[in-house]
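The residues making up each chain are set out below.
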Amino acid sequence: MSDERITIAMLGNTRAGKTTYIASMYEALQKPVSGFTVRAPATTEHDRLIESAKHIQKGSYPPPSDQRERYEFQLRHHDRVVCDFTWIDHRGGAIHERSSSSAQAAQLLRDLSGVDVIIVFCDSAALANGEDETIGLDRLCNLVARSVSLAETPKSVVLLLSKADLIYGFDAEMLDPFSGLFASIEASSKVDGAIVPVACGFTPRNVEKPIFYALKTIIGRRANAARARAKQHREREQHWKAESERRWWGPVVDWFDGLITDAQAAEYAAERAREAEREAESIASDASLLQRHLSGISLIRRKRTIADYIANLNPEAGPSSLTNSHALTEWH
Amino acid sequence: MSDFKITMLGTSQSGKTCYLHAMHYVMGGRGRQGFNVICENDDQGQAMAEAYEKMRRERIAPPKTAVRDFARYPFVFTYGYKPIMRFEWIDYRGGALEDGASAEDRRALRQHLLESAAIAICVSGEHLREELTEDAADDIAADIGIRGISQFLEEVHETNGIGPNSLFPIVLLITKADLCIHRGQQALVKDVRQLFPSLFKKAPTGWHLMVCPVMLGRNLDSGDKLTGGTIRPQYVHWPIVFAIHAQKHREKRGLVAQAASMTTARDALNSQWFLFRWMDSEDIERLGKERDEALERAAAIDHELDLLASEIGSSDIYINGKRPDEFDDEDEAAL
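Respectively, the protein sequence lines represent chains A and B. With my numbering applied, the first sequence covers 25 to 356. With my numbering applied, the second sequence covers 90 to 424.
Hints are all accurate, no fakes.
Derived DMTMM-like pairs: lysine to aspartate or glutamate, alpha-carbon spacing no greater than 20 Å straight-line:
no., chain 1, residue 1, chain 2, residue 2
1, A, K255, A, E305
2, B, K171, B, D391
3, A, K214, B, E129
4, B, K337, B, E385
5, B, K337, B, D381
6, B, K290, B, D405
7, B, K279, B, D228
8, A, K78, A, E232
9, B, K171, A, E176
10, B, K341, B, E419
11, B, K337, B, D395
12, B, K291, B, D418
13, B, K143, A, D162
14, B, K143, A, E121
15, B, K341, B, D395
16, B, K143, A, E157
17, B, K341, B, D92
18, B, K290, B, E244
19, A, K214, B, E393
20, B, K171, A, E210
21, A, K265, A, E295
22, A, K255, A, E303
23, B, K143, A, D156
24, B, K337, B, D391
25, B, K171, B, E385
26, B, K143, A, E155
27, B, K337, B, D420
28, A, K327, B, D395
29, B, K171, B, D92
30, A, K327, B, E400
31, A, K265, A, D286
None of these hints come from the bench; they were simulated from the model. Treat the numbers as computed from the prediction; the structure is a model and nothing was measured.
Could you put together the complete structure from these sequences and hints?
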């Protein structure tokens, strides 16, 4: 397993459900989901999140965050640590502040440039009511574009449609404002994206899926990177084997020069290749296990339409559930 | 650091700042067809977004660029979030084009133009509501500062040595196009040709010209209060896409020329007597690799050019005064 910690940032307006989600997600993954759990090594964090989740289940939601919070977690499969990850929660108002005058806004931009995953929170009820401004849609899309374009490393973007229990279902009008975002992700080789409707509280839905998708894509990329390294090492191994056959006088000359022989270099490359292959296999197996829990989400891919995305978000009712002129209830 | 600079020319009230804000709104957030334009200075980007929101909600035009002020905006143009080009956009107080402008204003504007690799010229659609008569054309030419614009363009042409194959991009933006679009494309282009004859002259001027209508919305009142109608920007991404396309095309031509000269140098070394060829074998290999890399980069740019071309739409484009359907073999070869 790679020692690199995965970093996830939540992005969304005030009251979009970020703080509620993280407590609900943490609580939901205290019990194994196909063997996977999430643990906070720090007891104080663990206790605080569990306490918050208990209140949420009783309908008492946490107040909006007033500052940046950073959580350190581990994803485990049975007793084995799959990966360490850091979760960053920003105050919703920070997305609208200028970095030259707000330390939190400046920190937000710094965080976004370095994270592996951005989870963009959009209040489903506000979407259903056409309240683009409440969601801060343009600013969210701009921050995603900035974060991905100006960074060197690939990222994952999860569009988390929060409070999905407050609406009847999703329709084209709700997702249409995101068509520009979808087009950029679809065209990109640097970004993977998914849309996940989530509900916390009395009737939780899909709570574990955003984190499973996020971690699956990152560790999947690490598996591919390990495979690529293995391939390079195998090519080097072949090269040194060929040199060893060509330079039959090599061992003597190399001994005089104090260098390792071509055969030794080949064996060294083979050992590195085996290490990388083992790493790839282990990581790929974890990614594959996580993949099994990703039904009910919509992957953002080329040649998909808004109708295709909706069909995956409304699997029970199908795309004909288009009665979303009003949200079901108020949130608080 | 930007790859190139675009300076916008136009008198006060011609719509330069409104255009910039509308373009940033459309391209800076949700983007279009996978393309985005991101302001590298986030605070500037937020200020533009807020000014646009104010325009949309309260119908108040963005604040005019301050007197003696050139506003510089560093942008990145991306496709699929992959940066394609960085450019700097220069917006300024339109008074530098008017009679009575200070020498300092004119000097500063001249310097920006000489450093620019693309120029955008704004002509307000208010002036094109009806067919231009000769008298009206003279008055309008004075209103939109054509004399000043033409003088600046001549200086750019001469000082920067723009030649027949330069393909220097100029976008003629018909701003507030909702006021005149009812007249149809052909009628508007005819009038614009009358106002800017030197840009449409069928001669090896080196200008690569696009005529592009842009609008903030439909049926809006002109002036500082944008009452009436609906604010919904249209076609605002075309000028940027055109400028980027032109730059990429020049970049590709440079790479192809570079590859050709490497091939010539490599062939020259390869045609030597075998001993000299053996002695120069490293250079031969290096030239071959560099040539292949240049051709690979040119091929990658081809893909980007196709993407960009698919977005430009049916706006009028002219090279050395000719439309593409008027090109002969010599024109094609020069491209």
